Structures are given as structure tokens and as C-alpha cells.
Amino acid sequence: AAGVIQSPRHLIKEKRETATLKCYPIPRHDTVYWYQQGPGQDPQFLISFYEKMQSDKGSIPDRFSAQQFSDYHSELNMSSLELGDSALYFCASSLTGNTQYFGPGTRLTVL
Amino acid sequence: DAKTTQPPSMDCAEGRAANLPCNHSTISGNEYVYWYRQIHSQGPQYIIHGLKNNETNEMASLIITEDRKSSTLILPHATLRDTAVYYCIVRVGVSSGSARQLTFGSGTQLTVLP
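Top to bottom, those sequences are chains V and S. Positions 434 to 544 (the working numbering) are the ones given, in order, by the first sequence. Positions 25 to 138 (the working numbering) are the ones given, in order, by the second sequence.
Everything labelled a hint here was simulated from the structure, so no lab data went into it. Mixed in with the good hints there might be a few duds.
Quick partial rundown of chain S residues pointing at chain V, CB under 10 Å, derived from the structure [unchecked claim]: (1) Cys36; (2) Ala37; (3) Tyr58; (4) Pro68; (5) Gln69; (6) Thr103; (7) Thr107; (8) Arg124; (9) Thr127; (10) Phe128; (11) Ser130; (12) Thr135; (13) Leu137.
The calculated SDA-like cross-link candidates involving lysine to any residue, where the alpha carbons are at most 25 Å apart (straight line), are [said to hold, decoys possible]: (14) V/Lys490 x S/Lys93; (15) V/Lys455 x S/Thr29; (16) S/Lys76 x V/Leu528; (17) V/Lys455 x S/Ile63; (18) S/Lys27 x V/Thr532; (19) S/Lys93 x V/Thr532; (20) S/Lys27 x V/Lys455.
Chain S side only, calculated, beta carbon under 8 Å to chain V, not exhaustive [unchecked claim]: (21) Ser65; (22) Gln66; (23) Gly67; (24) Tyr70; (25) His73; (26) Gln125; (27) Leu126; (28) Gly129; (29) Gly131.
The structure displayed is predicted, hence computed values, not measured ones. We put the CB at the ideal spot given by N, CA and C, even for glycine.
This is chain V alone, in the form it adopts within the complex (with noise of 0.2 Å):
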């Protein structure tokens, strides 16, 4: 069965820069959620979209902003990036706020 699909699956980017993480759901999802999880840290959600509108908003820093688009993909948008935003970013489907399945995630560093 088709899954969800992130990229890159890597990123190495430097201090101040900026980034874009993208998330095509699994077919027929109409909800997309971010998750970002630090070194040794659990997932913790950063925000989420439900038929190309924000629904929930978590503990997302100012500086990232994020969409979805008409055909229910999602990109979070990073800038100004800081060393602390070094992290694995998970993207999660579902239909309609039901059972939520994550992608295999985006790891981000910044030098």
C-alpha cells in the first residue's frame, strides 16, 4: 500500500539559511500534520492542515510557515535557520482527523 512520502530524506544546510520539507500524503488523505523531534527527544507536533486549511497549531517557531496545496501535498517552510532546529521532521497523514500514518521522516542539520 502506498505510503506517505517525504523529501528530501536529507538536508544539510548552514546557519541562517533557509529550507523547504515536503509531504505528499497517502492517496485520499485530506490531513497532513508536522511533527519535529530533536536528538533524544519524542515527537513533538508543529502544525496541521485539513483540506488545505491550518487546523491546529503547535509549538512551531515564527520564523517556519506551512501550506497545503490543492493536490493535499504539504511544505514547511524554514528560515533563518538556527542550530537548534537540527532535527528529524516527520510528515503524517490521515482521512478526516481518523488514524494518523507517518512518513520515514527528513533529517535536517544545520552547521
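Based on the hints, put chain S in the right spot on chain V.
Chain S in isolation, oriented as in the chain V frame:
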């Protein structure tokens, strides 16, 4: 969403059943119990969820106490590949237009020993 309490770590012998407990004493009537696991740095993997009845699928069984204040995830025949952090998460059910996030606690590190 209700807070959950899990033991930080457990060991299990390969081929034996792994029973992972979770306390969620403040759970509300409309909150489900979800279990996910995360194998080192991979994306969290959905295992099973339930409201009040016991549930079983190809991966595991979920036993929820009658008062719903605790539950147990059972992996019937643990293998080395089941070594992972297991998260018990309580989450409200679906409502129209909502996209309720999962709140991850510390989970239980299950180590399956050969």
C-alpha cells in the same frame, strides 16, 4: 488530551509475549487509546487503537480495562525486530473539520532479547 504514564523500559525474551502497560486515569469518554512504535529514528508506526472494547489485529492486541483507566498492548510472539520505543497516546475521536494532533510522551523502550 489525557496524559499517559508508561514504564520507561522493559525487556522481553524473543518468542515470548510482550505486555506493555499504560495508565491513563484521566481519560474522557470520547478519547481513544492509540499505540504507536518507533524503531530507531524511523517514522512512528501505527499499531492499534481502541475506545473501550479489546481490539486485535495482525500486529498486536489491545486490552482496555473496564473503567478505561489503563490498557495493555500485547505483542504475542516478540521478535528482535520488535525492539522499539512504544508510545501509548490518548486522543479524542474524529469530529468534522478537526485534525487533532498526537501528543507523544516518553514511551516505553522495549528490548527483545535473543
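Cross-check of the supplied hints:
Interface hint at S/Cys36: violated, since its Cβ lies 21 Å from the closest Cβ of chain V, which is beyond the 10 Å cut-off. Nearest Cβ of chain V to the Cβ of S/Ala37: about 27 Å, over the 10 Å cut. The hint is violated. For S/Tyr58, the suggested interface contact is upheld, since its CB lies about 8 Å from the closest CB of chain V, less than 10 Å. For S/Pro68, the shortest C-beta to C-beta distance to chain V is roughly 5 Å, which falls under 10 Å, so the interface hint holds.
This hint holds: S/Gln69 has a C-beta 7 Å from the nearest C-beta of chain V, less than the 10 Å allowed. With its C-beta approaching chain V no nearer than about 21 Å, S/Thr103 sits outside the 10 Å limit, and its interface hint is violated. For S/Thr107, the shortest C-beta to C-beta distance to chain V is roughly 17 Å, which exceeds 10 Å, and the interface hint is violated. Using the Cβ-Cβ criterion of 10 Å, the hint placing S/Arg124 at the interface with chain V is satisfied: the shortest such distance is roughly 6 Å.
A least Cβ separation of about 7 Å between S/Thr127 and chain V falls short of the 10 Å threshold, and the interface hint therefore holds. Checking S/Phe128 against chain V: minimum C-beta separation of about 4 Å stays under 10 Å; hint holds. The interface hint given for S/Ser130 holds, since its Cβ lies 6 Å from the closest Cβ of chain V, which is under the 10 Å cut-off. The restraint placing S/Thr135 at the interface with chain V is violated, with a minimum CB-CB distance near 17 Å, outside the 10 Å limit.
The beta carbon of S/Leu137 comes no nearer than 23 Å to any beta carbon in chain V, farther than 10 Å, and the hint placing it at the interface is violated. Restraint check for V/Lys490 and S/Lys93: the C-alpha separation of about 28 Å exceeds 25 Å, so the hint is violated. A threshold of 25 Å between alpha carbons decides the hint, and for V/Lys455 with S/Thr29 the separation of about 33 Å lies outside it, so the pair is violated. Only pairs whose Cα atoms come within 25 Å are accepted, and S/Lys76 paired with V/Leu528 is accepted, the gap being roughly 22 Å.
Distance check on the hinted pair: V/Lys455 and S/Ile63 sit about 22 Å apart at the alpha-carbon level, within 25 Å; holds. The hinted pair formed by S/Lys27 and V/Thr532 meets the criterion: a straight-line CA distance of about 19 Å does not exceed 25 Å. Among the hinted pairs, S/Lys93 with V/Thr532 is consistent with the structure: their alpha-carbon atoms are about 21 Å apart, no more than 25 Å. With a C-alpha separation of about 31 Å, the suggested pair S/Lys27 and V/Lys455 falls outside the 25 Å cut-off, and the hint is violated.
Checking S/Ser65 against chain V by beta carbon gives a least distance of about 6 Å; that is within 8 Å, so the hint holds. Interface restraint check: S/Gln66 against chain V, minimum CB-CB distance 7 Å, threshold 8 Å, status holds. Given hint, S/Gly67 at the interface with chain V, holds; its Cβ is 4 Å from that chain's nearest Cβ, closer than 8 Å. The criterion of a C-beta within 8 Å of any C-beta in chain V is met by S/Tyr70, whose closest approach is roughly 6 Å, and the hint holds.
Look at S/His73: its Cβ gets to within about 7 Å of chain V, closer than 8 Å, so that hint holds up. Residue-level restraint check for S/Gln125 holds (minimum Cβ-Cβ distance to chain V is 4 Å; threshold 8 Å). Proximity of S/Leu126 to chain V holds as hinted, the smallest CB-CB distance being about 6 Å (cut-off 8 Å). The closest approach between the C-beta of S/Gly129 and any C-beta of chain V is roughly 7 Å, which is under the 8 Å cut-off, so the hint is satisfied.
The beta carbon of S/Gly131 is positioned within 8 Å of a beta carbon in chain V (closest approach about 7 Å), and the interface hint is therefore held.
Figure legend: structure checked against the earlier numbered hints; hints not met, in rising order: 1, 2, 6, 7, 12, 13, 14, 15 and 20.
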